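Colleague: Here are the chains, one letter per residue:
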Amino acid sequence: MFGTFCAVNDVSLDIQKGEFLTLLGPSGSGKTTLLMMIAGFLDITSGDISLDSETLIGVPPEKRNFGMVFQGYALFPHMTVRDNIGYALSVRKTPKAEIDIRVEEMLELVQLQSFADRKPNQLSGGQQQRVALARALCFSPPVLLLDEPLGALDKKLRVEVQEQLKDIHRRVGTTFIYVTHDQEEALSMSDRVVIMRDGAIEQIGSPKELYEKPESKFSAGFLGKSNFLYLEDGTYALRPEKIDIAAEGAGAAPRMTGKVRSVTYFGSIQRVMVETDEAGELEVDVDNWRNPTSFRAGQNVDLMWEDHAAVMLQRSED
Amino acid sequence: MKPSLLASFNRAGAWVLLMFLVLPALIAIPVSLTPKRFLSMPKGEYSLRHFEKLFTSEEWMSSFGQSAIIALSTSLLATILGTLCAIGLWRVSSKYSEVVRAFLLLPLIIPQIISAMAFYRLWIPMGLLDSYLGLILAHTILATPMVLITVSASLANFDPKLEQASRNLGASNWVTVRRVILPSVRPGVLAGALFAFILSWDEIVVTLFISKYSVYTLPRRMWNGIRENTDPTVAAAAVVLIALTIIAFVVYAILSRRNAKVKTSL
Numbered sequence: 001m002f003g004t005f006c007a008v009n010d011v012s013l014d015i016q017k018g019e020f021l022t023l024l025g026p027s028g029s030g031k032t033t034l035l036m037m038i039a040g041f042l043d044i045t046s047g048d049i050s051l052d053s054e055t056l057i058g059v060p061p062e063k064r065n066f067g068m069v070f071q072g073y074a075l076f077p078h079m080t081v082r083d084n085i086g087y088a089l090s091v092r093k094t095p096k097a098e099i100d101i102r103v104e105e106m107l108e109l110v111q112l113q114s115f116a117d118r119k120p121n122q123l124s125g126g127q128q129q130r131v132a133l134a135r136a137l138c139f140s141p142p143v144l145l146l147d148e149p150l151g152a153l154d155k156k157l158r159v160e161v162q163e164q165l166k167d168i169h170r171r172v173g174t175t176f177i178y179v180t181h182d183q184e185e186a187l188s189m190s191d192r193v194v195i196m197r198d199g200a201i202e203q204i205g206s207p208k209e210l211y212e213k214p215e216s217k218f219s220a221g222f223l224g225k226s227n228f229l230y231l232e233d234g235t236y237a238l239r240p241e242k243i244d245i246a247a248e249g250a251g252a253a254p255r256m257t258g259k260v261r262s263v264t265y266f267g268s269i270q271r272v273m274v275e276t277d278e279a280g281e282l283e284v285d286v287d288n289w290r291n292p293t294s295f296r297a298g299q300n301v302d303l304m305w306e307d308h309a310a311v312m313l314q315r316s317e318d
Numbered sequence: 001m002k003p004s005l006l007a008s009f010n011r012a013g014a015w016v017l018l019m020f021l022v023l024p025a026l027i028a029i030p031v032s033l034t035p036k037r038f039l040s041m042p043k044g045e046y047s048l049r050h051f052e053k054l055f056t057s058e059e060w061m062s063s064f065g066q067s068a069i070i071a072l073s074t075s076l077l078a079t080i081l082g083t084l085c086a087i088g089l090w091r092v093s094s095k096y097s098e099v100v101r102a103f104l105l106l107p108l109i110i111p112q113i114i115s116a117m118a119f120y121r122l123w124i125p126m127g128l129l130d131s132y133l134g135l136i137l138a139h140t141i142l143a144t145p146m147v148l149i150t151v152s153a154s155l156a157n158f159d160p161k162l163e164q165a166s167r168n169l170g171a172s173n174w175v176t177v178r179r180v181i182l183p184s185v186r187p188g189v190l191a192g193a194l195f196a197f198i199l200s201w202d203e204i205v206v207t208l209f210i211s212k213y214s215v216y217t218l219p220r221r222m223w224n225g226i227r228e229n230t231d232p233t234v235a236a237a238a239v240v241l242i243a244l245t246i247i248a249f250v251v252y253a254i255l256s257r258r259n260a261k262v263k264t265s266l
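Here the protein sequences line up with chains A and B, keeping their order. To convert, note that position 18 of the first sequence is 18 in our numbering; the numbers rise steadily by one, no gaps. To convert, note that position 131 of the second sequence is 131 in our numbering; the numbers rise steadily by one, no gaps.
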């Protein structure tokens, strides 16, 4: 066990050593607040934050030894890449020769050797992001806090940098606490994800657990897409790709029948919106390779799914 | 046709305004070149005798020196105090700090004649009347708000995340101020230092009240020169002052343009 903190709203969370933990939530859910509390920039009114069972309450940010990658990077504009990365060691009065060696290592880690003497404003967004990462890791902190580090990058670059980040996490073995509102980022990078809502934890689990076994409508709807079925015994979440669809009469043992509202083609899948009597409108993602049937609006269809495809969120109260 | 007419009207207006602002100061230039012994416009004949007198007169040269000492000391003190004040108020940044800021700006708002009386009353018992220290302190009190304003303006553009980043990386408050905040607000500090220098360099109201014999600044000597013997040396001194001011501003403009260039390449 690595540390425990209770914060925001009676929130309690254990973070394992070396894990990649993501705080995921919409804006205003308290994820950045939580991160700022861990970093020491926000005081907590009650409860405790501790590292290796030693409390961090009253420890100023500069004594906490947590690396942090800020939203927008916060690189020092008047310093070169080299000086930015070496800053943490230089304020710790590390001998210059040692700093130089360590900075070279970090430059190599983030593949920026040839940019060492540039100023941050002479770098692209992706390069700045890597400098911020190297700066935060240079003093070998036990924990690295990342506040939406990919928010400023365009989509294609983001996927690339996600891979690099995961790779760096594997190599340095530092605990990563990662804040994002992007569910894809959370799913693809994390060991565990904390879904936050209104300053409280909604659900914690591995990406797979969260996706396959959501415990609330919010979790099911925020992480991936979900249909909700309000049946007699309770509320169920049913992922769009877990529904099979066939033309009326062609499906074996249909659970529901309905009328196609609209069809949208996305290449690998087509998204079919079906109006049913029992559950209202359902979204069905059809794998175009496995099921090459073309559907059209107005058509009557059969819908099928396996028992365990629908996950019960809430049992009816009676 | 209409917009171009408006544009030329605007342009003419701008020139008139510029002349209105600048010409009265430039009148010193022809007057300083008069060959006569009293303040007058030269008629066909020009002479540098008043400049010669200015630069050979022990009194005038000593006043230049005294003003320089006082203005440089004022600039240094006011810059240190004003910068620290601005950073402190920026760090605290609550509604109380805004009240404190308003108080700190008072010396700039209160009519100088009132400040002058206050300094006079206070400096007598403290034995600071007619001394370098007395003038430097009085000028520093007047000039510090200038620095506070310019540095605060620079801090308004400063990303507070840079401060957090510095602390997060292990730097104490003081190291953060020295290595991150100060380099970022340098243009404001430089502008403040320049304004403080100029304020002290041409300050006359307070100076008249609290200096007498042993301290005799340049504005004071010019004041006396005009009042007592309409000596054209005053005009020569004025020309030298205008030249110095222009040089200072050109240097400042070059420096800040260089800063701006670094910034715009973002």
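Take the hints with a grain of salt, since some may be wrong.
Stated by the list, open to error - Some chain A residues judged to face chain B by a derived CB distance under 7 angstroms, without partners named:
hint, residue
1, Ala88
2, Arg92
3, Thr94
4, Tyr265
No lab work stands behind these hints: they were computed from the structure. Computed from a predicted structure; not experimentally measured. Each residue gets a CB set at the ideal place from its N, CA and C atoms; glycine is no exception.
Colleague: If a hint holds in the structure, say so; if it doesn't, say that too.
Modeller: Each hint tested on the structure:
1. Satisfaction of the interface hint for Ala88 (chain A) is found here, the shortest Cβ-Cβ separation to chain B being roughly 4 angstroms, below the 7 angstroms cut-off.
2. Because the closest C-beta pair between Arg92 (chain A) and chain B is about 6 angstroms apart, less than 7 angstroms, the hint holds.
3. This hint is violated: Thr94 (chain A) has a C-beta 10 angstroms from the nearest C-beta of chain B, more than the 7 angstroms allowed.
4. The interface hint given for Tyr265 (chain A) is broken, as the beta carbon of that residue sits about 42 angstroms from the closest beta carbon of chain B, more than 7 angstroms.
Of the hints listed earlier, those the structure fails to meet are numbers 3, 4, in rising order.
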